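Undergrad: Chain by chain, the residues:
Protein chains: 2
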Amino acid sequence: MSKVRFEISMSLDGYVAGPDQSEHDPLGKGGEALHDWAIELEAWRKSHGHPGGEVNESTAVMEEQLDNIGAGLMGRKMFGPPGGGDWGEPPWNGWWGDDPPFHVPVFVITHHKREPLTLSDTTFTFVTDGIESALEQAREAAGERDVKLSGGADVANQCLAAGLVDEVELHVVPLLLGGGERLLDDVRDLELEQIRAIEAPGVTHLKYRVVK
Amino acid sequence: MSKVRFEISMSLDGYVAGPDQSEHDPLGKGGEALHDWAIELEAWRKSHGHPGGEVNESTAVMEEQLDNIGAGLMGRKMFGPPGGGDWGEPPWNGWWGDDPPFHVPVFVITHHKREPLTLSDTTFTFVTDGIESALEQAREAAGERDVKLSGGADVANQCLAAGLVDEVELHVVPLLLGGGERLLDDVRDLELEQIRAIEAPGVTHLKYRVVK
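For the protein sequence lines, the chains are A and B, in the order given. Counting in our numbering, the first sequence runs from 1 upward without gaps. Counting in our numbering, the second sequence runs from 1 upward without gaps.
Note that these hints are calculated values from the structure, not bench results. Warning: the hint list may mix true and false statements.
You can't tell identical chains apart in this list, so a pair holds if it fits in one copy or across any two.
Quick list of in silico lysine to aspartate or glutamate cross-link-like pairs, DMTMM-like style, CA-CA up to 20 Å [said to hold, decoys possible]:
(1) 29 to 191
(2) 212 to 169
(3) 29 to 186
(4) 212 to 40
(5) 3 to 191
(6) 29 to 189
Every value quoted in this text rests on a predicted model; they were computed, and no experiment measured them.
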């Protein structure tokens, strides 16, 4: 059966974005450095249409994360800022540019109704009736393949607390952000089993199975 | 030169003790399980005078942590509960029994004045004039060897924030405690460099150098 997989880069003090987030600084103060390990990789650059990059111990982790994904699930803040009023005019197309790196249907959990948005080969569908409905739609779109849950912390924490996730991979970066979006905040009664840990330059990848 | 080394077991959500701590439950709800990986080890059991135990990937980590330590530094809550009034009558000798596992001078940071307490080959000295004074005394007692900083989170966070620590090792356990004593809370502007990560049964050991 297809799985719901969650992965995210997290600071050692538990944040997935730094303090003082804004439309112009969605990752907050210091938060961009959470992703340095990834954007240096050839595997990441290739999936985003860029040449070059490194091959190291993170490569297999990244390739595994990109493999067998049939649909994506994310919060509104990870799609893009809310924009003026009802998504502004002209509508804002999110953080991801004209050719988003997902290449699968993505379901965005939001309070703002909006028609689906197709950019290149990624269609964003905006779901306003809750996490479980979004997950159901993502599962259906994914078919035999897995659903990939991304942030932000809010949506991820809700999905984790509701027991909707099968696998968690945290890319732990030796940064102390001191504030911002805190992952695993008030998530309890979730039993995890360590699958593996991989040391790589500037990051350690910790992978867990959720025990159901 | 001798180093100040900090190590502690931490839940995946960043706590070193669970919620609802009390004199009868100093590690709080669920907190005891933070130490399961350690107390199963032969290396730990031996250092605490017990026979038996396991040898696994955590063994070398534990042996390294026990090696070359000349003095200890800890907060009052890690030594023991405050007891009635001025340490009660008869004086409370802390959590550690008649034969504490330290075997080196230990400096306890506290607001309560008290004469030094010797139990077997461990002498606890109670320091009431602050962390830097306690560290200075610990350094002097340690000589060429290292100073080992233990918790609780309060004292550890203060020492980390003040830039007094050279090495940090976190034993990350796949537990979500959902509350309690939070490590690295409000510690920022501390630059860390990953030394290594070691995967072991039920825990991953993450070791960092503090960049000065």
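Undergrad: Evaluate each hint against the coordinates.
TA: Evaluation of the provided hints:
no. : hint       : result
1   : 29 to 191  : between (32 Å within a copy, 15 Å between copies)
2   : 212 to 169 : within (17 Å within a copy, 31 Å between copies)
3   : 29 to 186  : between (23 Å within a copy, 14 Å between copies)
4   : 212 to 40  : neither (36 Å within a copy, 25 Å between copies)
5   : 3 to 191   : within (17 Å within a copy, 37 Å between copies)
6   : 29 to 189  : between (31 Å within a copy, 12 Å between copies)
Taken one by one, the earlier hints fail for this structure only at number 4.
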